[in-house]
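With numbering that gives the first Met the number 0 as the guide, the letters of the sequence shown map in order to residues 0 to 421.
Treat the hints with care, since some could be wrong.
[Stated by the list, open to error] Using 20 Å as the maximum straight-line C-alpha spacing, the simulated SDA-like pairs for lysine to any residue come out as follows:
no.	residue 1	residue 2
1	Lys89	Asp76
2	Lys140	Ala150
3	Lys161	Ser106
4	Lys69	Asn5
5	Lys210	Phe195
6	Lys89	Leu378
7	Lys393	Asp355
8	Lys10	Gln30
9	Lys140	Ala119
10	Lys219	Thr207
11	Lys147	Gln30
12	Lys141	Ile221
13	Lys409	Leu395
14	Lys210	Glu143
15	Lys246	Ser339
16	Lys147	Phe16
17	Lys138	Asp158
18	Lys337	Asp403
19	Lys69	Asn38
20	Lys421	Glu332
21	Lys246	Phe195
22	Lys219	Asp181
23	Lys14	Leu52
24	Lys149	Lys87
25	Lys96	Asn38
26	Lys14	Asn154
27	Lys373	Ile316
28	Lys69	Gly97
29	Lys87	Gly283
30	Lys409	Asn345
31	Lys329	Ile306
32	Lys10	Ala150
33	Lys141	Phe16
34	Lys210	Gly189
35	Lys10	Leu52
36	Lys211	Asp158
By construction, these hints were calculated from the structure, which means they are not laboratory data.
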Amino acid sequence: MKEKFNLEFKKEITKTFLKTVSAYSNYNDGQIIFGIDNNGDLVGMDHVEDECLRIENMINDSIDPAPSFKIEVEKIDEKTIIILNIMKGKDTPYYYKGKAYKRSDTSTLEVDRFELRRLAIEGINMDYEERRSSSQDLKFKKLESKLKEKAGIENINLDILKTLNLYNKDGYYNMAAELLADDNNTEFSGLDIVRFGKDINQILYRETISKKSLLSQYDKAIEIFEQYYQYEEIEGYIRVKKELIPKEAFRESLANAIVHRVWDINSYIQISMYEDRIEINSPGGLPEGISKDEYLYGNISVLRNPIIAGVFYRLDIIEKFGTGITRINKEYEGSLSKPSFDISRNGICIRLPVIDINKLDLSEEEFLILNILKDEIELSRGEIDKKLGFNKSKTLRIINNLVDKNIMQKLGKGPGTTYRLK
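Please model the entire structure based on the sequences and the hints provided.
Structural data, given as structure tokens:
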């Protein structure tokens with residue numbers, strides 16, 4: 000056994016385990032097992048009943064507010080261990096000696112003031128966007144223009160802002176209103192857009208859009224996309240508009256990043272534009288209550304920012320139901336290259352490759368394998384060796400490159416492993 004973010008070992012009972020109790024109560028369910036050392040070796044515990052009572056008293060005396068936990072005892076190889084199960088609580092933050100903690104891999108760390116604020120907001124069941132705006136002198140010309148276009152509203156007024164949940168019943172603009180206002184004071188509520196050349200050392204264009212309406216940011220990003228990834232080609236006597244990357248896929252990815260990001264992290268949404276792809280990095284992982292598989296395949300949407308999402312929905316920028324990933328994938332149905340999605344606890348990255356296979360910077364050997372797989376449903380590595388005359392190591396290297404580029408899919412494990420185009 001090894002320690003991980005939701006499992007910690009303690010050889011004996013000391014006050015240090017209380018920091019981990021705070022961390023699990025604040026962020027996720029977890030276990031602390033007493034009687035196992037840091038190497039995962041079983042050492043056991045003596046006087047188990049007394050020690051269980053001691054653990055219970057230490058938690059009740061030291062963690063504020065009182066967390067939810069359960070203590071179990073197990074015997075393994077004639078040695079007894081104590082298992083402390085801590086459940087994530089609803090009354091965050093949970094403090095130990097006046098400080099709140101979180102887990103980072105196998106370590107327990109004190110949270111910074113930004114995360115502490117988020118825990119406090121979560122604890123009173125208030126979204127960040129519902130908080131009182133730092134400014135109450137807000138203008139909404141951009142929002143008004145969009146509402147005229149989509150909803151036929153001539154002039155924006157307080158009643159409309161209340162309907163959009165931007166003006167609180169207690170008589171103030173909230174943070175969602177500030178983020179949608181023409182100008183705002185939120186430093187990192189923006190986009191950092193970079194267009195690279197042949198490599199990351201060659202920057203052709205860079206712009207950071209900050210302290211402007213989310214709608215202005217959205218429009219500017221679309222404008223830059225059109226500049227670099229759309230072109231016209233003459234076919235006969237007609238000019239035909241073509242795309243290196245599907246605009247709808249980019250638009251959907253951009254809207255999702257804006258609507259679902261965590262706003263109180265000091266980080267911009269980063270849009271990195273390369274010759275062969277676009278990467279959109281959004282601060283904050285998945286909202287609580289949704290798994291990676293549900294996000295990718297389940298058509299499930301848990302709105303982190305429901306007020307902003309509601310405005311984007313009324314303006315036909317997003318669908319209200321969780322079809323974003325499905326719609327992105329649909330834009331690549333006829334393409335060998337496919338989008339990919341990297342999800343971590345601190346961010347989500349969507350990669351959109353170009354749909355022209357000739358612009359994916361593939362080697363001659365990679366094209367050879369692709370051409371074989373166009374005519375076959377799936378092949379093993381050995382079958383590819385025979386068709387091309389490659390040795391095992393060369394074939395595996397090329398296959399792994401294509402898997403990394405999200406063009407080829409690996410099926411199965413061991414001798415029965417086969418490969419096919421995505």
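Checked hints:
no.: 1; hint: Lys89 with Asp76; result: violated (38 Å)
no.: 2; hint: Lys140 with Ala150; result: holds (15 Å)
no.: 3; hint: Lys161 with Ser106; result: violated (45 Å)
no.: 4; hint: Lys69 with Asn5; result: holds (15 Å)
no.: 5; hint: Lys210 with Phe195; result: violated (24 Å)
no.: 6; hint: Lys89 with Leu378; result: violated (51 Å)
no.: 7; hint: Lys393 with Asp355; result: violated (25 Å)
no.: 8; hint: Lys10 with Gln30; result: holds (14 Å)
no.: 9; hint: Lys140 with Ala119; result: violated (33 Å)
no.: 10; hint: Lys219 with Thr207; result: holds (11 Å)
no.: 11; hint: Lys147 with Gln30; result: violated (54 Å)
no.: 12; hint: Lys141 with Ile221; result: holds (16 Å)
no.: 13; hint: Lys409 with Leu395; result: holds (11 Å)
no.: 14; hint: Lys210 with Glu143; result: holds (18 Å)
no.: 15; hint: Lys246 with Ser339; result: holds (16 Å)
no.: 16; hint: Lys147 with Phe16; result: violated (58 Å)
no.: 17; hint: Lys138 with Asp158; result: holds (15 Å)
no.: 18; hint: Lys337 with Asp403; result: holds (11 Å)
no.: 19; hint: Lys69 with Asn38; result: violated (24 Å)
no.: 20; hint: Lys421 with Glu332; result: holds (10 Å)
no.: 21; hint: Lys246 with Phe195; result: holds (19 Å)
no.: 22; hint: Lys219 with Asp181; result: holds (14 Å)
no.: 23; hint: Lys14 with Leu52; result: holds (14 Å)
no.: 24; hint: Lys149 with Lys87; result: violated (42 Å)
no.: 25; hint: Lys96 with Asn38; result: violated (28 Å)
no.: 26; hint: Lys14 with Asn154; result: violated (61 Å)
no.: 27; hint: Lys373 with Ile316; result: violated (36 Å)
no.: 28; hint: Lys69 with Gly97; result: violated (23 Å)
no.: 29; hint: Lys87 with Gly283; result: holds (19 Å)
no.: 30; hint: Lys409 with Asn345; result: violated (27 Å)
no.: 31; hint: Lys329 with Ile306; result: violated (27 Å)
no.: 32; hint: Lys10 with Ala150; result: violated (64 Å)
no.: 33; hint: Lys141 with Phe16; result: violated (52 Å)
no.: 34; hint: Lys210 with Gly189; result: holds (7 Å)
no.: 35; hint: Lys10 with Leu52; result: holds (17 Å)
no.: 36; hint: Lys211 with Asp158; result: violated (23 Å)
Comparing the model with each earlier hint shows violations of hints 1, 3, 5, 6, 7, 9, 11, 16, 19, 24, 25, 26, 27, 28, 30, 31, 32, 33 and 36; every other hint is respected.
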